[in-house]
Amino acid sequence: MYGFEAVAAHNGWSIAILGILIVFTGLTLLSVSIAYFTKILNFYNEKNKYLKKDRKWWQVFKYMLIKKQHKTNDIDNSLTLEPKSFDKLKEPADQYYAILQYLGEPFQLPELLDIAKKRGLEKPHSTINDLLLAKLIIPHRLGYFCWNHKKYKQKKKIQIKD
Amino acid sequence: MYDMLFQFLQNTGFYMADFSHILMIIIGCIFIYLGIAKHYEPLLLVPIGFGILVGNIPVFTGMGLSIYEDDSVLHYLYFGVTAGIYPPLIFLGIGALTDFSTLLARPVLMLLGAAAQMGIFITFLGALALGFSPNEAASIGIIGGADGPTAIFLSAKLAPNLIGPIAVAAYSYMALIPVIQPPIMKLLTTRRERLIKMGELREISKQEKIFFPIIAFLLCTFIAPAANILLGMLFFGNLLKEAVVTQRLAETARKPIIDTVTILLGLTVGASTQADVFLTRESIGIFLLGAVSFCIATACGLMFAKIMNLFLRQKINPLLGAAGVSAVPDSARVVQMIGHKEDPSNFLLMHAMAPNVSGVIGSALGAGILWSFIK
Chain A
1 MYGFEAVAAH NGWSIAILGI LIVFTGLTLL SVSIAYFTKI LNFYNEKNKY LKKDRKWWQV
61 FKYMLIKKQH KTNDIDNSLT LEPKSFDKLK EPADQYYAIL QYLGEPFQLP ELLDIAKKRG
121 LEKPHSTIND LLLAKLIIPH RLGYFCWNHK KYKQKKKIQI KD
Chain B
1001 MYDMLFQFLQ NTGFYMADFS HILMIIIGCI FIYLGIAKHY EPLLLVPIGF GILVGNIPVF
1061 TGMGLSIYED DSVLHYLYFG VTAGIYPPLI FLGIGALTDF STLLARPVLM LLGAAAQMGI
1121 FITFLGALAL GFSPNEAASI GIIGGADGPT AIFLSAKLAP NLIGPIAVAA YSYMALIPVI
1181 QPPIMKLLTT RRERLIKMGE LREISKQEKI FFPIIAFLLC TFIAPAANIL LGMLFFGNLL
1241 KEAVVTQRLA ETARKPIIDT VTILLGLTVG ASTQADVFLT RESIGIFLLG AVSFCIATAC
1301 GLMFAKIMNL FLRQKINPLL GAAGVSAVPD SARVVQMIGH KEDPSNFLLM HAMAPNVSGV
1361 IGSALGAGIL WSFIK
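In the order they appear, the protein sequences are chains A and B. Note that the first sequence covers residues 1 to 162 in my numbering. Note that the second sequence covers residues 1001 to 1375 in my numbering.
Careful, some of the hints might be misleading.
Unchecked claim - Computed cross-link-like contacts, EDC-like style, restricted to lysine to aspartate or glutamate with a CA-CA straight-line distance of at most 20 Å:
1. A:123 / B:1200
2. A:153 / A:105
3. B:1255 / A:114
4. B:1206 / A:105
5. A:123 / A:94
What the hints assert, rightly or not - Here are some, though not all, of the chain B residues that point toward chain A, as calculated from beta-carbon distances under 7 Å:
6. 1014
7. 1114
8. 1129
9. 1134
10. 1207
11. 1365
Because the hints were derived from the structure by calculation, they are not lab data. Only a predicted model underlies this, so the values are computations on that prediction, with no experimental measurement involved. Note that CB positions come from ideal geometry on N, CA and C, so glycine has one too.
Can you make the complete structure from the sequences, with help from the hints?
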């Protein structure tokens, strides 16, 4: 059997149409899920902003729906030499703390930078600078640095309480 | 003594070789040449080419030398292909190498990867029309996904007798992407469309990169459970990469594991490609359909991008549709090359990676769907 007869005999049309539809549906659902998941993650990370006592729930949802990321504010912050709040440094602090379990202390900054680059962490120079300004990385001696475990634990405890 | 000498001479390859062996050896040498001299997918064509040489040396049956004899070393190594072990391990390495951030930055580009997978199903119809059985047609159709491991995986499950020609066709056309795609891209797009510049991509947080493989795996495998093993390994590899704490495992997946499996896969697939399977009318049909499937996949991706532009406020460059063909990263590089020729200040590579990696997911999903329909 050849040609359209063969295609019809083996349900080719149904398989092809259904297959295309399912692939499209699957990737469309995935695309939509990712788009909305980003919003859910942003809401979760900034929940302290939304969940103030004097804010009504309808105001929370309204804020979520119309909120856009204000990148200019982030850029402004990155241009100053003031230390960033621990809220903004929590995720990178955890990541670099994990690297230091592997690297050991005291360490050299170029080594830390090299490992951060290899592990694909974003903006390693800028992040290490922020950690230095926040005094989570502190000088040890002879050009070596170490992690400020006391401050890190304190900040984590405050975060958990919040 | 003379009898022994004659017996020895009769057992040599020179005595046992015929035209088909010589032709396959020449084909193997051509693959090696294309891989080394022309740099066409050398990591695949060199092992496959040498495997063709290994598999087409004339040997006596019964000595445990041929890949199809149960007690031969090659047969044991080939088990990874026939049992579908090697392709998922390659997907593990691919996941550990892939960065999904461009996809996460603009999820709508995922649809271009979906559109390009239409090539799989249209080729499936073409293969049925040419008289192939549904199992064979599905295995041939998956060549249109431009994904070697997926093609080998599905062929091993549905049409093991065609693994050799399908694998050779899939990898050959993947290597020829820079030749096949540009004419179609220029034919189906206008100069004005090719000059469209894409906006900047937003930054993706580490949290998103960690959650994505888990969410994507659960969603895709709930839709097509047959794609479980391929997508599972792909997203597992990616999770290992993105979770900083498992960096050692990710490095193992993307270097020793993928390299070892690529060597074994290429060598054994090449060795399984013997004259009685390769030099047939069916193989010619497979090669023709393979070429057609790549062209259709590219065209579908491009046309879908143009259709999307009718509805999008922020237009996308339709060249990105060609990157939906999941030959990572070659088709993305071709998009960059064509866009760059039109406008040297237009950098499309990172944007093209989004439909490119989406195509990998789409082709694995397509394979799972075909497997569940046909089996």
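Consistency of the hints with the structure:
| no. | hint | verdict |
| --- | --- | --- |
| 1 | A:123 / B:1200 | holds (17 Å) |
| 2 | A:153 / A:105 | holds (17 Å) |
| 3 | B:1255 / A:114 | holds (19 Å) |
| 4 | B:1206 / A:105 | violated (25 Å) |
| 5 | A:123 / A:94 | holds (15 Å) |
| 6 | 1014 | violated (42 Å) |
| 7 | 1114 | holds (4 Å) |
| 8 | 1129 | holds (5 Å) |
| 9 | 1134 | holds (5 Å) |
| 10 | 1207 | holds (6 Å) |
| 11 | 1365 | holds (5 Å) |
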